[in-house]
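**Q** Residue numbers (our numbering), protein chains in the order written: chain A, 10 to 460; chain B, 1325 to 1650.
Read the hints as simulated data drawn from the structure, not as lab findings. Any given hint might turn out to be false.
[Claimed, not checked] Taking lysine-lysine pairs in the BS3-like style, the calculated list, with each CA pair at most 30 Å apart, reads:
id : chain 1 : residue 1 : chain 2 : residue 2
1  : A       : Lys40     : B       : Lys1550
2  : A       : Lys33     : B       : Lys1646
3  : B       : Lys1646   : A       : Lys168
4  : B       : Lys1370   : B       : Lys1504
5  : B       : Lys1637   : B       : Lys1577
6  : B       : Lys1646   : A       : Lys367
7  : A       : Lys167    : B       : Lys1577
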Amino acid sequence: MITKVLMPKLSEAMETGKVIKWLKKEGDPVKGGDVIAEIETDKANVEIEAFGSGALRKIIVDAGGQVPVGELIAIIADPADDISAVSAAPQKPAAPAAAPAAPAPAAPGAASTAAPPLPAMETYQSTPATSRVVPMTPSIAPAAAPATRRVKASPLAKKIAAQGGVDLRLVQGSGPGGRIVRRDVEAALSAPRPAPAAAPAPAAAVAAPRPAFVVPPRPGAEFEDMALSPMRAAIAKQMPLSKAPVPHFYVTSEIAMDRAWELRSELNALEGQPRVSVTDMVIKACALALLKNPGVNASFRSDPQGAAIRVHHRAHIGIAVALEQGLITPVLRDVDVKPLSQIAAEWRDLAERARAQKLRVQELSGATFSISNLGMFDVDEFSAIINPPEGAILAVGAVVEKPVVQDGEIRVGRRMKVTLSCDHRVMDGATGARFLQDLKRLLEEPLRLLL
Amino acid sequence: MAVMTYREALNLALREEMRRDARVFVMGEEVGLYEGAYKVTQGLLKEFGDKRVVDTPIAESGFTGVGVGAAMLGLRPVVEMMTFNFSILALDQIVNSAAKMLYMSGGQYNIPIVIRGPGGPAAQLAAQHSQSMEVYFYHVPGLKVVRPSTPADAKGLLKSAIRDDNPVIFIEAETLYAVKGEVPEDPDFTIPLGQAVVRREGTDVTVIAYMGMMYRALEVAEELAKEGISVELVDPRTLRPMDTETLIGSVRKTHRAVVIEAGAGFAGMGSEIASEIQEEAFDDLDAPVERVTGENAPMPYARNLELLKTPSKAKIAEAIRKVCYA
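Just chain A, same shape as in the assembly (with noise of 0.2 Å):
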C-alpha cells in the first residue's frame, strides 16, 4: 500500500509548514504511530506520525523545505511497491487554507488524473487528539461541544492521573498507538514546576537580585532587517485581522486582591498541592464569570446567510505565554469545571511546554476567552487585542501594594487592574462591565474560587 505523507494542517490559520527534519531516512522501516518528521508551524514545532506502514520510500520535501499545506512531502509504501506514478505525479495544488474538510478548490492542472489532494489529517496527525482541533471554524450549530476524543491510556495511568489531577488529554502518550502509560503520566507529574509566572509581589521583585542593567554596544551599522519568524509573521498578519475589522472597546476595573493573596498563601502552605499563582486564580474566577455572562464568552460571525452571535458554554481559555520570538497563547479547556489545583498543575505544565515550544496543535486553539498578563513586568494595567474569533481578552496588571480608603481611613492595600477588551458587535459596555463585576466579587470574595 502507498500512503502519500502530505504537509499537515496542523492549526487553523497554518497555510505553510517547514519541514524542520525528518527523523526516518530514505528506506527506513516505518509503521504507523511512528514520528517520522518534525514541522515548524506559524505557532509551535510538531512532530508528525506516520499513518501508513512500510517503508519510507521517498523524502520529497527535505529538511529546510517550506510547502503549502496538503503538498506531497514524502511517501510510504512497502519495498515492492512500485511508486514511480506518485512521485512523478505533478504537484498537486495547495489545500485551501480554510477547514480542511473542505473541498479543494478545482484549479485548472487538479482536473488531470492525479488524485485529488487529500485533507492533510486524513493522511497525518501530529498526534491522535489532533485530527479534532477544528471545532472553531466550520458552521456548526451554536451548542455543539468541541467533540472530545477518546483518550488512550492504560488503567494504570488513568488512576495516577486521576489521583494527581493531571489531565491525560495534555499529556503525550509513549505507549504503543499513543497509549499513555504509567511513566508518561508520571513525566508530568514531575515535570519540574516554574515560579509562577503570574504577578510576583514587587516586594518580593525588590528582594530578589537584580540582573545588572547594561547597554548593550551600539552596532556598526545603521540597521539591519530581520527575517520574520513564522510566529513574528503569523502575528503580523493576524493582529490587523482583529484590530482593524473588530471595534474594540475597553473597560477597567481595579480589584481588592488582600484576601486572594491570603488566600493563596494558606492554599501553598498545604503539603502536596500544586502551587496555586495569581494568574491561577484569575483563570478560575474568569472562568466563573464567564459561565455568568455568556454574551463575554461569545464569538461574532459573519456568514453570508447572514452574521450569528455564537455563545460557548463552556470556558476554554486561552493565556498568553511570552516568548523570546513572539506569543503564543496555550487553552486550558473547561476551566469551569476545574478545580484550582488542576489549574495550576495544567497552566503549569502548558507554560513550561509553551517556553519549550512543545505544544501540541489542539492545545493552541479552541479558545472561547483569553487572558493576558502583563503584571510580571511591574505593568500596572495595559489594554489588549483581542485574538479573533474570540469575543473578549482580559488584560491584567500587577497586583501592587497601594494606600486604599477603605471607611474613611488610609490604608495599605493589595490591588490589582484588570481591563477587558471586547468586540463591540457582541456586546456593549454594561456586558463587559457586569463580567468585569463579577470577576471583581469572585477574586475579593476568593473562596467563591474554591466552590
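Dock chain B against chain A, hints included.
**A** Here is chain B on its own, set in the frame of chain A:
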C-alpha cells in the same frame, strides 16, 4: 539441607510418606522390579515389598480405576503414569471417578489418590509424548493440579499431595529429573498446596512461569537486568487451587505481567492467569497482559522444529520488553 536431584527428592518424599503412613502404596508400570522408567521409585520395592510397590500391566484405565477403588476403601495410592501423556487413557477414571466421587457420593467417599509422572515438552519425544497435560486436568472441579519446578518443591509438594484427602494430579518433567538443588531432609517438611513462590524479586514486570519455562524465564530475567529491566518471577507451583493472591500482589507491584506456558496457548494456563489479572488488578495494569505460549501445532520430532514450537528466550524477552514499552 542436602543437595540432591529432583528425582531423588521425589524418591525421598515417597519413602518418607510410605514410612509415615502404612496406607500409602505405589502402583504403576515398571515401578517395582525395574524401579521406575525414570528411577523415581528406586529402592522402594526392596524397602516396602510387593504389597506396597505394585507393578501393573500396561493398562492405565485399569490400574487408575484400581487406585480409585483402593482410595475409596481407605488406602492412599500413589499411581505413576510412565508419562502423563498416557493419562489420557485413564481420563475417565480420573475425571469421572476420582474427581467426582466425593460429590456424587454425597460426601461418603473422598479419594486420597495422587497420580504422578512426567509431562510437558522434553527433548525430541515427539507429538504424543510432549504434551503439557495439566490443561486436561485443571479444568475439572474436584482435582488439584501441581507442577513443581525445583527439587525442594518436588519433595515438599509431593508429601502434601500424598497427605491430601482428595485427588491430586502431580506432573513432573523428564527434563527436570536431573536438576540438583537443596532439599530439606526433615521428614516433616512439606509445602502447602496452593502456594505460589516469588523466584526472583523485581520491580518492572511480573513474569509467571513454571517448570522448564520458569528456568528459561530466569535466564531471560538475568539478561534483561543488564538492560535495566527488573523482572519479578513468580512460580505458581500449584495450578489449582491457584495462589492468585501472590500473583496479583506481584502484578500490583510491577503493573505489568507476562505469562509463559509451554503448551499451545488457546484456553491455556496463560489465558486463565491473564483473565484473573485483568479481573483483579485492572486498574493496576500499565500494559495489556502478554502471553508467551507454545505454537498451536503438534510437537515436531525434529530438534530445530521442536525449538521453534516451544517458547524461546527471544520470544520471552520480546514479550517482556513489549509490556515494559522498552
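**Q** It remains to establish, for every hint, whether it holds in the given structure.
**A** Hint by hint, here is what the structure shows:
1. A:Lys40 <-> B:Lys1550: OK: Lys40 of chain A and Lys1550 of chain B at ~28 Å, within 30 Å.
2. A:Lys33 <-> B:Lys1646: holds, 22 Å
3. B:Lys1646 <-> A:Lys168: Within the cut-off at roughly 21 Å; holds.
4. B:Lys1370 <-> B:Lys1504: Between Lys1370 of chain B and Lys1504 of chain B the Cα gap is close to 25 Å, so the pair holds against 30 Å.
5. B:Lys1637 <-> B:Lys1577: holds, 24 Å
6. B:Lys1646 <-> A:Lys367: Between Lys1646 of chain B and Lys367 of chain A the Cα gap is close to 27 Å, so the pair holds against 30 Å.
7. A:Lys167 <-> B:Lys1577: holds, 16 Å
No hint from the list above goes unmet by this structure.
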